[in-house]
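Asks: What follows is the residue order along each chain.
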Amino acid sequence: IQLTQSPSSLSASVGDRVTITCRASRGISSYLAWYQQKPGKAPKLLISAASTLQSGVPSRFSGSGSGADFTLTISSLQPEDFATYYCQQLNSYPRTFGQGTKLEIK
Amino acid sequence: QVQLVESGGGVVQPGRSLRLSCAASGFTLSNYGMHWVRQAPGKGLEWVAVISFDGSDKYYADSVKGRFTISRDTSKNTLYLQMNSLRTEDTAMFYCAKVSLGFGAIHMPDAFDVWGQGTMVTVSS
Chain F
-17 IQLTQSPSSL SASVGDRVTI TCRASRGISS YLAWYQQKPG KAPKLLISAA
33 STLQSGVPSR FSGSGSGADF TLTISSLQPE DFATYYCQQL NSYPRTFGQG
83 TKLEIK
Chain R
41 QVQLVESGGG VVQPGRSLRL SCAASGFTLS NYGMHWVRQA PGKGLEWVAV
91 ISFDGSDKYY ADSVKGRFTI SRDTSKNTLY LQMNSLRTED TAMFYCAKVS
141 LGFGAIHMPD AFDVWGQGTM VTVSS
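These protein sequence lines map, in sequence, to chains F and R.
Numbered per our numbering, the first sequence spans residues -17 to 88.
Numbered per our numbering, the second sequence spans residues 41 to 165.
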């Protein structure tokens, strides 16, 4: 299963609302996770099962979608949110990732 | 505190072997499925391999199948990745990661909730 994220990069300002899209090459129910990765660090799980926020993750992050189309939304960008975001499908093996979306400061 | 610490990376010539280790603490490795994920310099994440919580099932990415072997030592609470016939395109940071739910079947749609800090593998002549 291939995952295509859009956009590949995004410039935004603190306080902006941002949406990242992940499209699967076939339906994966709600078996999708979102991760955040900062330079030189390991990925961090933000959302599982398409919309379940992990403990400790700020509520400005939210996920939605099912089937083949999914979105990650950050309601009001904070300085610490500038990072690269990856979606990952958990429907089948291999557990593929999207190519990533780099969120940069405008 | 749940933690994963990888080791064993380094510089190796093409065709040679390397074994990565991932030491787990704060939880029992044999209760969770475990994965290896890699990231080539400046590139995205690539899933590599998985071992089920009971060690009975394993899956590999096509790019490493037949060359890499995932295993674990429950007495040491440590996960391994044996990498043989290394290629230049295997150059990457390698991360181990655990799934969030214990005792789940290997096909359960379980996200990776804890990651190690990574160990760098460079394959170069």
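To be clear, the hints were calculated from the coordinates, so they are not data collected in a lab.
A quick note: this is a predicted structure, and the numbers were derived from the prediction, not measured.
The beta carbon of each residue, even a glycine, is placed where N, CA and C say it ideally should be.
Do not take every clue at face value.
In the EDC-like style, the derived pairs of lysine to aspartate or glutamate whose C-alpha atoms are separated by at most 20 angstroms in a straight line are [said to hold, decoys possible]: (1) F/K88 - R/D153; (2) R/K116 - R/D94; (3) F/K23 - R/D94; (4) F/K26 - R/E86; (5) R/K83 - F/E86; (6) F/K20 - R/D153; (7) F/K88 - F/D(-2).
Between beta-carbon pairs, the in silico distance windows are [stated by the list, open to error]: (8) R/T162 - F/K20: 39 to 47 angstroms; (9) R/D113 - F/R(-1): 45 to 53 angstroms; (10) R/D113 - F/D51: 22 to 30 angstroms; (11) R/G95 - F/A31: 40 to 48 angstroms; (12) F/S(-7) - R/T109: 42 to 50 angstroms; (13) F/S74 - R/Q122: 39 to 47 angstroms; (14) F/D51 - R/G144: 24 to 32 angstroms; (15) F/K20 - R/A63: 21 to 29 angstroms; (16) R/R107 - F/D(-2): 40 to 48 angstroms.
Asks: The structure should be examined with respect to each hint, and the outcome stated for every one.
Replies: Structure-based check of all given hints:
no. : hint                                 : in the structure
1   : F/K88 - R/D153                       : 30 angstroms, violated
2   : R/K116 - R/D94                       : 15 angstroms, holds
3   : F/K23 - R/D94                        : 29 angstroms, violated
4   : F/K26 - R/E86                        : 15 angstroms, holds
5   : R/K83 - F/E86                        : 17 angstroms, holds
6   : F/K20 - R/D153                       : 16 angstroms, holds
7   : F/K88 - F/D(-2)                      : 10 angstroms, holds
8   : R/T162 - F/K20: 39 to 47 angstroms   : 22 angstroms, violated
9   : R/D113 - F/R(-1): 45 to 53 angstroms : 48 angstroms, holds
10  : R/D113 - F/D51: 22 to 30 angstroms   : 42 angstroms, violated
11  : R/G95 - F/A31: 40 to 48 angstroms    : 26 angstroms, violated
12  : F/S(-7) - R/T109: 42 to 50 angstroms : 43 angstroms, holds
13  : F/S74 - R/Q122: 39 to 47 angstroms   : 25 angstroms, violated
14  : F/D51 - R/G144: 24 to 32 angstroms   : 26 angstroms, holds
15  : F/K20 - R/A63: 21 to 29 angstroms    : 23 angstroms, holds
16  : R/R107 - F/D(-2): 40 to 48 angstroms : 45 angstroms, holds
Checked against the numbered hints given earlier, the structure breaks hints 1, 3, 8, 10, 11, 13 and satisfies all the rest.
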